[in-house]
Amino acid sequence: MSVTKTVLNGSASTAGANTNQPQLPIYLDYQATTPCDPRVVQAMLPYFTEKFGNPHSRNHSFGWDAEEGVENARRQVASIIGADEKEVIFTSGATESNNLALKGVAHFHKDKKNHIITTVTEHKCILDSARHLEMEGFEVTYLPVQQNGLIDLEQLKAAITDKTVIVSVMAVNNEIGVIQPLAEIGKICRARGVYFHTDAAQAVGKIPLDVNAMNIDLMSISGHKIYGPKGIGALYVRRKPRVRLEASIHGGGQERGMRSGTLPTPLCVGLGEACAIAEKEMGAEAERLKYLSDRMYNKITEQLPEVFLNGDRAQRIPGNLNISFAYVEGEGLMMGIKDLAVSSGSACTSASLEPSYVLRALGVEEELAHTSLRLGIGRFTTEQDVDYAVEHIVQSVNRLRAMSPLWEMAQEGIDIKSIQWAEH
Amino acid sequence: MAYSNELLDHYDNPRNVGTLDKGDNSVGTGLVGAPACGDVMKLQIKVGVDGRIEDAKFKTFGCGSAIASSSLATEWVKGKTLDEAEQIKNTHIAKELSLPPVKIHCSVLAEDAIKAAIKDYRDKHLSGETQLGVSGAAE
Numbered sequence: 000m001s002v003t004k005t006v007l008n009g010s011a012s013t014a015g016a017n018t019n020q021p022q023l024p025i026y027l028d029y030q031a032t033t034p035c036d037p038r039v040v041q042a043m044l045p046y047f048t049e050k051f052g053n054p055h056s057r058n059h060s061f062g063w064d065a066e067e068g069v070e071n072a073r074r075q076v077a078s079i080i081g082a083d084e085k086e087v088i089f090t091s092g093a094t095e096s097n098n099l100a101l102k103g104v105a106h107f108h109k110d111k112k113n114h115i116i117t118t119v120t121e122h123k124c125i126l127d128s129a130r131h132l133e134m135e136g137f138e139v140t141y142l143p144v145q146q147n148g149l150i151d152l153e154q155l156k157a158a159i160t161d162k163t164v165i166v167s168v169m170a171v172n173n174e175i176g177v178i179q180p181l182a183e184i185g186k187i188c189r190a191r192g193v194y195f196h197t198d199a200a201q202a203v204g205k206i207p208l209d210v211n212a213m214n215i216d217l218m219s220i221s222g223h224k225i226y227g228p229k230g231i232g233a234l235y236v237r238r239k240p241r242v243r244l245e246a247s248i249h250g251g252g253q254e255r256g257m258r259s260g261t262l263p264t265p266l267c268v269g270l271g272e273a274c275a276i277a278e279k280e281m282g283a284e285a286e287r288l289k290y291l292s293d294r295m296y297n298k299i300t301e302q303l304p305e306v307f308l309n310g311d312r313a314q315r316i317p318g319n320l321n322i323s324f325a326y327v328e329g330e331g332l333m334m335g336i337k338d339l340a341v342s343s344g345s346a347c348t349s350a351s352l353e354p355s356y357v358l359r360a361l362g363v364e365e366e367l368a369h370t371s372l373r374l375g376i377g378r379f380t381t382e383q384d385v386d387y388a389v390e391h392i393v394q395s396v397n398r399l400r401a402m403s404p405l406w407e408m409a410q411e412g413i414d415i416k417s418i419q420w421a422e423h
Numbered sequence: 000m001a002y003s004n005e006l007l008d009h010y011d012n013p014r015n016v017g018t019l020d021k022g023d024n025s026v027g028t029g030l031v032g033a034p035a036c037g038d039v040m041k042l043q044i045k046v047g048v049d050g051r052i053e054d055a056k057f058k059t060f061g062c063g064s065a066i067a068s069s070s071l072a073t074e075w076v077k078g079k080t081l082d083e084a085e086q087i088k089n090t091h092i093a094k095e096l097s098l099p100p101v102k103i104h105c106s107v108l109a110e111d112a113i114k115a116a117i118k119d120y121r122d123k124h125l126s127g128e129t130q131l132g133v134s135g136a137a138e
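Heads up: the sequence lines are chains B and C, in that order. At position 123 of the first sequence (counting the first as 1) the number is 122 in numbering that gives the first Met the number 0, and the numbers step up by one without a gap. At position 118 of the second sequence (counting the first as 1) the number is 117 in numbering that gives the first Met the number 0, and the numbers step up by one without a gap.
Do not take every clue at face value.
[Said to hold, decoys possible] Short derived list, chain C residues pointing at chain B, Cβ under 7 Å:
(1) Val16
(2) Leu19
(3) Ala33
(4) Pro34
(5) Ala35
(6) Gly37
(7) Lys41
(8) Lys58
(9) Phe60
(10) Gly61
(11) Cys62
(12) Ile66
(13) Trp75
(14) Gly78
[As the list claims (entries may be wrong)] Here are the simulated DSSO-like cross-link-like pairs (lysine-lysine), alpha carbons at most 30 Å apart as the crow flies:
(15) C:Lys118 <-> C:Lys94
(16) C:Lys45 <-> B:Lys416
(17) B:Lys289 <-> B:Lys337
(18) B:Lys229 <-> B:Lys289
(19) C:Lys56 <-> C:Lys79
(20) B:Lys337 <-> C:Lys56
(21) B:Lys337 <-> B:Lys123
(22) C:Lys45 <-> C:Lys114
(23) C:Lys114 <-> B:Lys416
(24) C:Lys118 <-> B:Lys416
(25) B:Lys337 <-> C:Lys114
(26) C:Lys114 <-> C:Lys88
(27) C:Lys94 <-> C:Lys79
(28) C:Lys21 <-> C:Lys45
(29) B:Lys186 <-> B:Lys102
(30) B:Lys416 <-> C:Lys21
(31) C:Lys56 <-> B:Lys416
(32) B:Lys162 <-> B:Lys239
(33) B:Lys186 <-> B:Lys279
(34) C:Lys79 <-> C:Lys118
(35) B:Lys229 <-> B:Lys111
Calculated from the structure, these hints are not laboratory results. A virtual CB, placed ideally from N, CA and C, is assigned to each residue, including glycine.
Using the sequences provided together with the hints, build the complete structure.
Below you can see the structure in the form of structure tokens.
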């Protein structure tokens, strides 16, 4: 692990270097993006300057070598989700995959079916695509979530009509890390003859996925969330029974006509390698991250009162902790922990000055939404990183609570909710 | 967010964090903002017999810009008369801290806090009777 970190930081120090002080700044935003695993970069390199051919060139070895790289990667992506390689198409990322899945399916079937079901906590690329389809005349149902972040399966069943063409529910939420009941959703959809799409950007390589066992018809995959390169993703499209969709990008007919364009060979190879590594190491990594995550959460809650976890504790990927620190605002807190790279659900950290819509969907009150931090750990996070982070978070929270009029009022026993605030 | 050195200084070394006795007749307390908005400032002034603000304290729930704005506000009101303190504009605060456009509203809140504290003090001395209470807060 320290070797990979050494490679990441470009220094030549040995693996036996002093591991008491973590390397600053510490990256704790693994849901935003991940660094490429050095092994992924190694796999990609030959395809930039040596095997640089167009993988669709059928007539010479440059093309064949590139094609081999791409098709090998395709197999690796298919393998980690239990699919057939013919069912995997490459895209520029999960955003494109999500757009293609929703719009492509909706448009193809629009003469017979015009209803789409999704959830309020989806990533913006799903929500915005759904809004766009609404403007085109489609009906969209946005299922609410419970306080723990999970959908209510009965509500899903009740929402499906004979006009429903697709249900789209993300496998793992990017803000709170909760895992939706994929197999149950798949079963419901299959029984009703409705396509089931899942945005699995935050799930692939973190939890076991099996498109057949879970009755998944379409799945979006992201490269840069699983230690692969940015700019590449994939869409799984079931062949039996066949999912029909309209392409968004027309051209030379690549990817079975579903997504034209010359494939970026090195990026495909990178995604494939990232999947292969994840498939092998998923079990051990999940265990290690669970240990670190529990350590982080327990140490924080032992030292600080009035701390709340957002989203289900159990149905959650271990790499994610989304925590509200009552009476302390998120951006102010982030400024006090400058050596830690994290993100917050506070309005003050967003360009729109709106607090996190995901937290709001959970029923988290606005003032707690403003106090939230998302801590994302991953493959290269060490125990020293976690301990350092906890120490500085606790310190900063205590300092800001001492400066907070709300904390003061709470200590005095004043019910903050009873106050008539003079909003401006 | 790329903050100015002045702002960072106020965040790292805030001036006048604390509390004055709001029941004290010489103290004016301003409580502005709302937790739901992510911004609450409490600014208190202690007015001397000469009519000048001899002490000021603040507590803020908010981002770095909010903390810095209110810290600066307590610095600026000290030594001023109530009328002089009322002249402090949010634009002065925003300029001093080089607030980014999206954070200007924090300086507005700080100006509101100063005015709220002054109003509270003046209300206490309206009829010459001591009044308890904090402006903006329900009893």
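Hint by hint, here is what the structure shows:
Taken as an interface hint, Val16 of chain C checks out: its beta carbon lies about 5 Å from the nearest beta carbon of chain B, inside 7 Å. With 7 Å as the threshold, the beta carbon of Leu19 of chain C stays out of range of chain B, its nearest partner Cβ sitting at about 12 Å, so the hint is violated. With 7 Å as the threshold, the beta carbon of Ala33 of chain C comes within range of chain B, its nearest partner Cβ sitting at about 4 Å, so the hint holds. Checking Pro34 of chain C against chain B by beta carbon gives a least distance of about 3 Å; that is within 7 Å, so the hint holds.
Against a cut-off of 7 Å between C-beta atoms, the interface hint on Ala35 of chain C holds, since the closest Cβ of chain B lies about 4 Å away. Contact between Gly37 of chain C and chain B, as hinted, is supported at the beta carbon level, the nearest pair being about 4 Å apart and thus within 7 Å. Hint status for Lys41 of chain C relative to chain B: holds, with the closest Cβ pair at about 4 Å, below 7 Å. Given the 7 Å rule on beta carbons, the hint for Lys58 of chain C holds: about 4 Å separates it from the nearest Cβ of chain B.
For Phe60 of chain C, the shortest C-beta to C-beta distance to chain B is roughly 5 Å, which falls under 7 Å, so the interface hint holds. With 7 Å as the threshold, the beta carbon of Gly61 of chain C comes within range of chain B, its nearest partner Cβ sitting at about 5 Å, so the hint holds. About 4 Å separates the beta-carbon of Cys62 of chain C from the nearest beta-carbon of chain B, less than 7 Å, and the hint is met. Against a cut-off of 7 Å between C-beta atoms, the interface hint on Ile66 of chain C holds, since the closest Cβ of chain B lies about 6 Å away.
Look at Trp75 of chain C: its Cβ only gets to about 18 Å from chain B, farther than 7 Å, so that hint breaks. Hint status for Gly78 of chain C relative to chain B: violated, with the closest Cβ pair at about 23 Å, above 7 Å. Our distance criterion of 30 Å between C-alpha atoms is met by Lys118 of chain C and Lys94 of chain C, whose separation comes to about 25 Å. In summary, the hint linking Lys45 of chain C to Lys416 of chain B is supported, as the alpha carbons are separated by about 28 Å, within the 30 Å threshold.
Pair hint Lys289 of chain B plus Lys337 of chain B holds up; C-alpha atoms about 25 Å apart against a cutoff of 30 Å. Under the criterion of a C-alpha separation no larger than 30 Å, the hint pairing Lys229 of chain B with Lys289 of chain B is consistent with the structure, at around 26 Å. The hinted pair formed by Lys56 of chain C and Lys79 of chain C meets the criterion: a straight-line CA distance of about 14 Å does not exceed 30 Å. This hinted pair checks out: Lys337 of chain B and Lys56 of chain C have alpha carbons roughly 26 Å apart, not beyond 30 Å.
Proximity of Lys337 of chain B to Lys123 of chain B is assessed by CA-CA distance (about 28 Å); at most 30 Å being required, the pair is judged to hold. Among the hinted pairs, Lys45 of chain C with Lys114 of chain C is consistent with the structure: their alpha-carbon atoms are about 14 Å apart, no more than 30 Å. At most 30 Å may separate the alpha-carbon atoms for a hinted pair to count; Lys114 of chain C and Lys416 of chain B meet this at roughly 24 Å. At most 30 Å may separate the alpha-carbon atoms for a hinted pair to count; Lys118 of chain C and Lys416 of chain B meet this at roughly 24 Å.
At most 30 Å may separate the alpha-carbon atoms for a hinted pair to count; Lys337 of chain B and Lys114 of chain C exceed this at roughly 33 Å. Restraint check for Lys114 of chain C and Lys88 of chain C: satisfied, since their Cα atoms lie roughly 10 Å apart, inside the 30 Å limit. For a cut-off of 30 Å, the pair hint linking Lys94 of chain C to Lys79 of chain C stands: about 20 Å separates their Cα positions. Between Lys21 of chain C and Lys45 of chain C the alpha-carbon distance is near 10 Å, which keeps this suggested pair within the 30 Å criterion.
The straight-line distance between the Cα atoms of Lys186 of chain B and Lys102 of chain B is roughly 23 Å, inside the 30 Å bound, and the hint therefore holds. The straight-line distance between the Cα atoms of Lys416 of chain B and Lys21 of chain C is roughly 20 Å, inside the 30 Å bound, and the hint therefore holds. Restraint check: the Cα-Cα separation between Lys56 of chain C and Lys416 of chain B comes to about 24 Å, which is no more than 30 Å; the hinted pair holds. Distance check on the hinted pair: Lys162 of chain B and Lys239 of chain B sit about 22 Å apart at the alpha-carbon level, within 30 Å; holds.
Taking the CA atoms of Lys186 of chain B and Lys279 of chain B, the gap is about 28 Å. The hint holds against a cut of 30 Å. For the proposed pair Lys79 of chain C and Lys118 of chain C, the alpha carbon gap of about 15 Å is at most 30 Å, so the pair holds. For the hint pairing Lys229 of chain B with Lys111 of chain B, the CA-to-CA distance comes to about 37 Å; that exceeds 30 Å, so the pair is violated.
Consistency note: the structure conflicts with the earlier hints numbered 2, 13, 14, 25, 35.
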